[in-house]
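With the hints as extra help, turn the sequences into a complete structure.
Protein chains in written order, with this note's numbering: chain A, 13 to 291; chain B, 242 to 534.
Careful, some of the hints might be misleading.
Listed next, the stretches of chain B that the computed footprint assigns to chain A, with coverage defined by at least 3 CB atoms under 8 Å from CB atoms of chain A [stated by the list, open to error]:
1) 421-428
2) 510-516
3) 519-526
From chain A, some residues computed to sit far from chain B (all C-beta separations above 12 Å) [stated by the list, open to error]:
4) GLY125
5) THR126
6) GLU246
Away from chain B, derived, C-beta distances all over 10 Å, residues of chain A [what the hints assert, rightly or not]:
7) ARG118
8) LYS154
9) LYS261
10) SER278
Think of the hints as simulated: they come from the structure by calculation, not from any bench. The model shown is predicted, which means the values in this text are computed figures rather than measured ones. Ideal Cβ placement from N, Cα and C applies to all residues, glycine included.
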Amino acid sequence: MSMKHVFVELHGVSAGSKAFLSTNKLADTALVFVHGFTGDPIRTWKDFPGIADIKAHLLHWTTSDLYFFNYQDATKSIDDSSDDLERFLNKVYPSPVDVVEDSCNRVKKQPQGTPIRYSRLILVGHSEGGVVIRACIAELGKRLYAHSASSPILGARVVLFAPALFGFLPTNWLGLLCQIFPLKQLIDLATTWSIPAAEMRDVRTLDQVREINEKLWCDFPEHEAFIAHVVFGENEAVVRRQRYLQDHKYPAVKGKDHGSVCKPNSEYQEPLPFVMGAD
Amino acid sequence: MDTFSGRVIQIWQAKVQALGGANTRGGNVYLDYRRARFGFAKSLIVHEITESILLIAAAHKLGIQLAYEELESVAEKLSEWLQAQDIAKGNKLETSELVSGVISDFPRFQKVLELRYLHGQIEEPDLPLRIPETLMKSFKAILRWHLSMLEQPTVLSYLEAVRTLPRQDWKELINQQPGAEEVARAADTEEMTSGAVYFGFLFMASAISNLNSAIGPTQTSEEAADSALMLEFVRGALDWRLDFKTPESFTRFEDIRAAIVKATSRELPYRAAQLFEDEFELIINGAFNLIPA
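Below is the structure:
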């Protein structure tokens, strides 16, 4: 095993976020990992960084810089987290801001001020992180209607592990029916009589994010970020196993559950080509 | 190739492959011994692909860009498989019940399906629209909802359970009342479990509701006429899903609906339960095009 990436704290960019930067001067891909509810920017992904440096995977990963975005998932709304993610992405892609660029140059052992420019962005989300990514893409996509210039982020490959796109598994029947038929009359009934209002607010938010993404995909199909590559573990027991209409469906991963589906190890290396798109 | 064509081809190939033999897994199509032996699951798969073929023919008429040649080459494999089911009677080949059954279940398209499945001739179904371009966007949504049903194996489990499961098996299945979480977890399940049948029922109702509302309000009388023609075409392609065939099938459908209403009502105070029952009835009647008693 040869060390080809170096960990860097990104305090000046986003509190708690980290990067695992390639020493390769030709790095042209930025991967941004977004953890889920009560997750951790690094531990959520377990051996992802380490495995990327194993010889067998070097071909793709040596030219990739990995970024691990941190956000206050437990205290902030999806909207706020999505805004934070957008700010973070704008600081990294396609040209990192000075403080990140300095770190890149230091790791790559090239003169400070050497411009860094990525040509490919991959957004990787787990659980609620998947929703944050899609909410961010929806927000960026909506600006296309105002005929403003398209954000380069909309060209990203989006890879989601066990995303909570349709919410957590319902605790009762009315919750399930509201998830499947997110109609005002049903949600009002649920909010008034059965289910905490906060839970139903999530149903509404998730449905809005889905609706906007699907509409954007219809109206602007040329942008890759409106379609995600989605995978669940066969033992998924936390979120509803469902994708948007336009998403690519992959077979459920045998023996994996909500938490383990996004954690590669020496026996489970399928996530690496899946993330990269060599699938 | 566009994403929609690629996904349709992938799922068609898996389904056509599954038709080829019993006890095989093909993509997300599961045929166990009993299902394959009675040919019920096979018949439902042929219905699903026929629905696809008809909707894709409409997409062609509307000028939607799809990989038509590649799609047709997979559809031809289905026709070949169907023709191989014909039965030799003396010097003549007699059409199998499976083929004649499928054709009779799509009365709106009887002529084109006879040509396709009995004579190997491809003819586009009639759809005389005046300004087809105004319907392109709505129809793309219809295609996506259709694809979502093809890709969701629990829909097939629901249809099969309601129509063809032996009575004793049905009783066992319906008596295992699943919890809401179990139903939600059954998404994408290939095996016919109680949770999968309930999920398939709800998923199909939701998809057809969305399909029904995909064609929105119209501006002119010409557009309104086109919308009506399109809706009639789409319902002609989908109505086999809603045709219960026998009183027993309808009773089974009602069993599932009643079980969901009962389980949900238990979670609510009396007045709210009444409101819920009315609301749910509207949703399901709207989706399944049922006229309230």
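Here is how each hint holds up against the structure:
| no. | hint | in the structure |
| --- | --- | --- |
| 1 | 421-428 | holds (count 6) |
| 2 | 510-516 | holds (count 3) |
| 3 | 519-526 | holds (count 3) |
| 4 | GLY125 | 42 Å, holds |
| 5 | THR126 | 38 Å, holds |
| 6 | GLU246 | 9 Å, violated |
| 7 | ARG118 | 41 Å, holds |
| 8 | LYS154 | 18 Å, holds |
| 9 | LYS261 | 6 Å, violated |
| 10 | SER278 | 28 Å, holds |
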